[in-house]
Amino acid sequence: MTLAKRLIPCLDVDAGRVVKGVNFVDIVDAGDPVEAARRYGDAGADELTFLDITASNDNRDTIIDVVEAVAAEVFIPLTVGGGIRSVADIRRLLNAGADKVGINTAAVTNPQLVKEASEHFGNQCIVVAIDAKSVDTPEGEPQRFEIFTHGGRKPTGLDAVAWAVKMAELGAGELLLTSMDRDGTKIGFNLPLTRAVASAVDIPVIASGGVGNLQHLCDGITEGGADAVLAASIFHFGEYTIGEAKSAMRDAGIEVRL
Amino acid sequence: MAETIAVVDYGMGNLRSVAKALSHVAPKTNVQVTSDANKIVAADRIVFPGQGAARDCMKHLKHYELHDVVSEAFRNKPFLGICMGLQVLFEHSAENAGVECLGLVKGSVSGFKRDLNKPDYKIPHMGWNTVQQTASHPLWHNIADNAHFYFVHSYYVCPEDQHWIAGSTEYLNTFTSVVARDNVFATQFHPEKSSDDGLQLLHNFTQWKLT
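Chains as they are written, first to last, in our numbering: chain A, 1413 to 1670; chain B, 208 to 418.
In short, the hints are calculated from the structure, not lab data.
What you are looking at is a predicted structure, and each value in this text was computed from that prediction instead of being measured.
The beta carbon of each residue, even a glycine, is placed where N, CA and C say it ideally should be.
Be careful, since some hints might not be right.
[Unchecked claim] Sample of chain A residues at the chain B side, in silico, Cβ under 7 Å:
id, residue
1, Thr-1414
2, Leu-1415
3, Ala-1416
4, Ala-1483
5, Asp-1614
6, Arg-1669
Sequences are here, hints too, so could you generate the full structure?
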């Protein structure tokens, strides 16, 4: 018996409502974040991640209400990411009941935010999200991975592995590593990327992006060396349940909480 | 009169989750998040949580002048310590180059050490791990042995007197994850984040009758 590998469903929230569909039998309101969160909690999810994709500034505060409502009823760790720019943003989310916050673009534009935030709140609640892709290298040279921002459209020139190490040094407690070249493809994680980052840092790595089936989840851990796997669509659209995913992981020899 | 549970607020982290979880399992109980010594003294049960570093925890306890009321509650009423609320009960912590703690339980607090032969064992110990129930206790009621609970910590307690140990967990080594004696039960894990088993434990605490 040892620390279980974690399975984390991710919910996109826009102006306080879950979007991109959550498909549970007999769910009354698929857009209600509390109901969706409760379903995943009851099904055995190890943590929940909310990604706030609210574009309009007017609706920015709705995520605070969502976090308060979910934290009052769902008793597993809750991570919230999206649009976090400052220590004040982080404080509001933690006070609302989030256990961890995910910092993405802000870490690229202002790496000191990671340091400041971890000194304020402890590194256990600071998750740095890294969106990376494989980039072409001349033949004979080792594979390289680069950080992209703005939904994978904007290259930064930053090497993903070096960046991951830097984030860990600045105080990130965990990395949420998204294979941007796999996101939405359903062909599985970018395993060389996952392995390169996971073996370079001492902090836990959550693999994300590209999961299309249960084998992909297992591969992220057994092949990629991730400590946790995150997925959205395969659960939301009812293709697989959390229980099926946990069973597949267990059958692959992975320690899970059942 | 409804029972009251005081969740001791000494500025160490967000206590909303603990309070919400207690209200969830005991809707009729009056759950108060408070730093008011009078309310803590008057409460029927005490929850002593905490997150962050040992030095800050001790500094805040002194700042809020709650050192004595917490020590008093530790001796005379149902008392549930959580995470740092377990560690600071001990005499000394190795964290922050050494911190004197409350000294209510004999023993010290040590840090996990990275083992290069076990690269998968990262620090902090964060996530779901199993707890072996090394002693029977009313707070284990309806919770399976080796059930999973949610942990986030880099230090662990080492009680001198083995009779204090009520639960143990494997991570790099076997460490004490729960201590209990008389009116005291304290966990390294976060029951308020440990789903059904965590809620069951909190429920058991709200029902716990001292004999």
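How the hints compare with the structure:
no. : hint     : result
1   : Thr-1414 : 6 Å, holds
2   : Leu-1415 : 5 Å, holds
3   : Ala-1416 : 4 Å, holds
4   : Ala-1483 : 6 Å, holds
5   : Asp-1614 : 6 Å, holds
6   : Arg-1669 : 4 Å, holds
This entry satisfies every hint, going by the numbered hints stated previously.
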